[in-house]
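Trainee: Residue numbers (numbering that gives the first Met the number 0), protein chains in the order written: chain A, 0 to 216; chain B, 0 to 66.
Hints may be right or wrong, so weigh each one.
Straight-line alpha carbon distances no greater than 27 Å define the calculated DSS-like cross-link-like pairs of lysine-lysine that follow [unchecked claim]:
hint: 1; chain 1: A; residue 1: Lys141; chain 2: A; residue 2: Lys178
hint: 2; chain 1: A; residue 1: Lys61; chain 2: A; residue 2: Lys206
hint: 3; chain 1: A; residue 1: Lys34; chain 2: B; residue 2: Lys61
hint: 4; chain 1: A; residue 1: Lys119; chain 2: A; residue 2: Lys77
hint: 5; chain 1: A; residue 1: Lys181; chain 2: A; residue 2: Lys141
hint: 6; chain 1: B; residue 1: Lys61; chain 2: A; residue 2: Lys206
By construction, these hints were calculated from the structure, which means they are not laboratory data.
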Amino acid sequence: MHLPALLLILLIAFTVALIAVFVIRPQTTATTAGKIAAFLGFFAFPLLCVGMGFSSQMDNSKSTRFCLSCHIMEPYGKSLRIDDPGHLPASHFQNHRVPPDQACYTCHTSYAMFGGLKAKLGGLRHMYVYYLGTPPKPEEIKLYEPYNNRECLHCHVGARSFEEGVVHTADPAVMAEIKSNKLSCVSSGCHETVHDVAKLGEQKFWKEPADANSSDH
Amino acid sequence: MQTPRTTEGRLKVVGLILICALIVEALSFLGHGAIAFMIFSAAAAVLVCVGIPAYLLTLVRKDHEAR
């Protein structure tokens, strides 16, 4: 358990103990010190616990393990281990071009104003559909809107491999079109193989070494 | 269930609500998936959101009754 989580658990335990004193002996609140302690126990500490808890849950919701906790996402998690560098998510995940413990969030958040908030609202919508609606089959899942190059360029713009890439620089118009999102990075003929979950059965998979430093999923 | 009439009785009810909320919150940290998040937001956060105003209301009523 991480230190902030441990501190939070200790704060929760302390608050529960403090409240329990007032539940067992409510007359303790008669004194000034008792009133102050009651205010802390009934108001300040619970508010702090929920605030810290919310922050911790929000952080956790960025983790790969969180995204893959729904069965419907399992094929997508599996596609990160396809042993083929032509598969875009797999090559990013396996070569740590994205943090392996936040692989889904890194590519599927929007790097614009309120992008993180938008991603989290999208996540809530996913949970609603998963638990209360009719979830589609994994291979039928589609993005709400076409993938924006902005998310790729957040990391790749300025990188030599991108800026001086043979295909990217073959025609001066191409780079401008990529950067203005007119030509999608994942369009046909470019980096088109993304989460090909319908053909997972035909793929070979990479086995992560046991001592690899990415045991968070 | 009868509504508690005394301040002490109300404090006990509020205390129990908050204790439940905090225990549920602590339990939600055992999981790492979407269910843990749902338990946190649908149970723990909601109970705290009920418990804290109920405590403040108890204080206001106590003050009102004292007058």
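Trainee: So, for every hint listed, does it hold in this structure?
Mentor: Results of checking the hints against the structure:
no., hint, in the structure
1, A:Lys141 / A:Lys178, "holds (24 Å)"
2, A:Lys61 / A:Lys206, "holds (24 Å)"
3, A:Lys34 / B:Lys61, "holds (12 Å)"
4, A:Lys119 / A:Lys77, "holds (23 Å)"
5, A:Lys181 / A:Lys141, "holds (20 Å)"
6, B:Lys61 / A:Lys206, "violated (65 Å)"
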